[in-house]
Amino acid sequence: MKINKLYVFLLALALVAPTVVYPVFLMKVLCFALFACAFNLLLGFVGLLSFGHAAFLGTGGYVTGYLMLQTGISPELGILAGTACAAVLGGIYGKLAVKREGIYFAMVTLALAQLAFFFYLQAPWTGGEDGLQGVPRGKLLGMIDLSDNMTMYYFVLAIFLFGFWMVHRTVHSPFGQILKAIRENEPRAVSLGYNVNDYKWAAFVISAALAGLAGSTKTLVFQLASLTDVHWHMSGEVVLMTLLGGMGTIFGPLVGAGVVVTIQNYMSGGELGNYIHIIMGVIFIVCVLAFRSGIVGEFQKLVKKNFN
Amino acid sequence: MKAMKKTLLAAAMSVAAATGVQAAGVSDDVVKIGVLADMGGVYADICGKGCVTAVEMAVEDFGGTVLGKPIEVVSADDQNKPDVGSAKVRQWVEDEGVDAVNGLVASSVTGAVTKVLTDAKKIALISTSASHAFTTKACSPYNVHWTYNVAALANGTVKPMVDAGKKKWFFITADYAFGHALEGIASKVIESSGGEVVGAVRAPLGTTDFSSYVLQAQASGADVVGLANAGADFVNALKTSAEFGLTETADVAGLLVFTHNAKALDPAIAAGMKATTGFYWDMDDQTREWSARFKERHGSIPAMGQAGAYSMTMHYLNAIKAAGTDDADAVMKQMKSTKPNDFFARNAYLRNDGRMVHDMLLVSIKDAASRKSEDDIYNIEATIPGDVAFNPMLPQCDFK
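Here the protein sequences come in this chain order: A and B.
Residue 280 in my numbering is what sits at position 280 of the first sequence, and the numbering runs on without skipping anything.
If you want my numbering, it's the 1-based position in the second sequence plus 1000.
It is possible that part of the hints are untrue.
[Claimed, not checked] Chain B regions said to be covered by chain A (calculated; three or more residues, Cβ under 8 Å):
no.: 1; stretch: 1077-1083
no.: 2; stretch: 1086-1100
no.: 3; stretch: 1108-1117
[Stated by the list, open to error] Derived CB-CB ranges, DEER-like:
no.: 4; chain 1: B; residue 1: F1244; chain 2: A; residue 2: R100; range: 41 to 47 Å
no.: 5; chain 1: A; residue 1: G281; chain 2: B; residue 2: T1208; range: 22 to 28 Å
no.: 6; chain 1: B; residue 1: T1208; chain 2: A; residue 2: V21; range: 39 to 45 Å
no.: 7; chain 1: A; residue 1: I263; chain 2: B; residue 2: E1289; range: 58 to 64 Å
no.: 8; chain 1: A; residue 1: V282; chain 2: B; residue 2: F1244; range: 41 to 47 Å
no.: 9; chain 1: A; residue 1: I263; chain 2: B; residue 2: V1042; range: 22 to 28 Å
no.: 10; chain 1: A; residue 1: I278; chain 2: B; residue 2: A1164; range: 46 to 52 Å
no.: 11; chain 1: B; residue 1: D1061; chain 2: A; residue 2: V282; range: 39 to 45 Å
[What the hints assert, rightly or not] Residues of chain A placed beyond 12 Å of chain B at every Cβ, according to the derived structure:
no.: 12; residue: L13
no.: 13; residue: A14
no.: 14; residue: Y22
no.: 15; residue: V88
no.: 16; residue: E101
no.: 17; residue: Q133
no.: 18; residue: T170
no.: 19; residue: P174
no.: 20; residue: F299
Since the hints were derived computationally from the structure, they do not count as laboratory data.
All C-beta atoms in this analysis are idealised placements derived from N, C-alpha and C, irrespective of residue type, glycine included.
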């Protein structure tokens, strides 16, 4: 009951937030929060550290951007197409990667993501270093003009809530129970008769699709798809967000994304702008050394309650 | 009741007055100029904090206020990333009331930023970007491109060499938008002057080992090896060329050379190399006077983009003063109808497509013996008239 109240409170907060805070900033937080939630599904609930999630974020972004620019289809179709492409790519990459475990899994995903990076760097339709610029936001369902930031914000919020619900639903389903079982003790899950690789693969595809959804939405918000989205830095950033917020918690990625994006946003203009990577690095080290379960994880320990 | 009527009337009048001011005066009672540049990366030296200093100097020299309203300068680091830059500029114009954005270095960032600014009807004051796209295929009524572009570099450096009989060219090109644009336009200039491009090789941005590229250039038998790259890439490519003896068998031409790169190079390697620049501090008394002031504040001589940022800010503020408003359309019209004339802009005018046409300089790097100080880098060989240096205006970019 208490938890339901928490959800209602957070939703109300999300609804009124753009009247106080700059909406584009909030949309950025929501996009990265969705990306981190997708990543957390894999790291926090299956125990798979993918180091190539930027490939899915970028694929969603580039496909949506290209379609919106070249064919002028409506934004919901553009986002669906971007998400679908990311899911397909996730299907292929996942099939190859789940054959390996631990550090090898991380390395395989990183290598595959680098392939994607060089593809987007060299392909003639992606604009190379320039990226896809000036992507129109279009009209939702052919009616609602998204060029207004407030309208766009509620559209992005709806997408985020859908993604968040997907993750929540997955984690709390019987399927999610098996994923957690795999995380806790894989040989035991095998001995119980589960085809572990198929479960991992399914989780990988869901995660990739949601990452693609985040990328597609981000492209519409910023009207730009660029190499930053597919660079391995981005894969690292999402690890930082998840660990900082608390991996394996439902709200962790949201909090982590909020903190990281806020730090990046407010420091890029100031005197500390040059030291941003150092500061992020120090935060990461402190987090890993001092509070390993992340902000939300530590908070849960403090109040002795599980918000999942 | 009466009192209420009075209040209402007063309120209505103040609203009317406020909207009246907005139409003809300064929006938000402040003129805000944003400076967006790479502050800590590979391009930090050619614009970066120096551009911020230059813009601040211009604001101070102008008097700190325009039409009775204060002028404010804000700055941000784009990290050479289009997404970072365009997000920052979007926030500036939508949330913080910025009227114009100055600086602008990496062409990829500038492309993204100018789109945001055009949508918001705000002015882009481009100081250091090289691509000519902002006044051609991506032209906009709100783009102002000062200092130089790839066309001026190609016409300034390449054409005289081809005319002097260096017909066979080979390019070592930085593998991204700027390098491709520079190689493309230089190739056109070579072919139209009767020369020939015998080959080209693409090196990624940030390459440190150029030996394989230099060997390919050497094997091509070209008269001239054009380096279509910039900054550290240019320096590394040139050093490697010297080590492999390429500089003795062929001419090596740097297509985009900034003063601080030229300064960092060993004169034994670089002496005699020709380059095209939009500005050189030691040209005459006017440039020396301004550059000395700049050096005192910033610690080094100005790069051409930094001098351009000052000149452009001055022209922008003068236009606001003359137009009586900071409304972008009125200011652009004013900027195009008056000719800029200062230490930087010689025989200059702002074309309708936003290209600022001015005299460019063909310089050559001095040898060690003839340098009088550490900043004494160039001999000025010739002045290239603006109409010869820059690309002609496209009809679809003729914004009245």
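* May I ask you to check that A:A14 keeps its beta-carbon over 12 Å from the closest beta-carbon of chain B? => holds (19 Å)
* Status of A:P174, Cβ more than 12 Å from any chain B Cβ -> holds (40 Å)
* Okay, B:T1208 versus A:V21 on CB: inside 39 to 45 Å? -> At roughly 43 Å between Cβ atoms, A:V21 and B:T1208 fall inside 39 to 45 Å, so the hint holds.
* Lying within 41 to 47 Å: is that true of the beta-carbon distance B:F1244 to A:R100? -> Check passed, 44 Å falls within 41 to 47 Å.
* Asked: Is 39 to 45 Å right for how far apart the beta carbons of B:D1061 and A:V282 are?
  -> holds (41 Å)
* Asked: Per the hint of 46 to 52 Å, is the separation of the Cβ atoms of A:I278 and B:A1164 within bounds?
  -> holds (51 Å)
* In terms of beta carbon proximity below 8 Å, does the stretch 1077-1083 of chain B have 3 or more residues touching chain A? -> As far as the stretch 1077-1083 of chain B goes, the hint holds, because 5 residues have Cβ atoms under 8 Å from chain A.
* Does 22 to 28 Å hold as the CB distance between A:G281 and B:T1208, or does it fail? -> Hint holds: Cβ distance 24 Å, inside 22 to 28 Å.
* Lying within 22 to 28 Å: is that true of the beta-carbon distance A:I263 to B:V1042? -> holds (24 Å)
* Asked: Cβ-Cβ distance between A:V282 and B:F1244: within 41 to 47 Å?
  -> Given a distance of about 43 Å, which is inside 41 to 47 Å, the answer is holds.
* **Interface exclusion of A:L13 relative to chain B, criterion Cβ beyond 12 Å** => holds (20 Å)
* **Beyond 12 Å from each Cβ of chain B, as asserted for A:Q133** => Since the minimum Cβ distance to chain B is about 5 Å, A:Q133 lies within 12 Å and the statement is violated.
In terms of the numbered hints stated before, the structure departs from hints 7, 14, 17, listed from lowest to highest.
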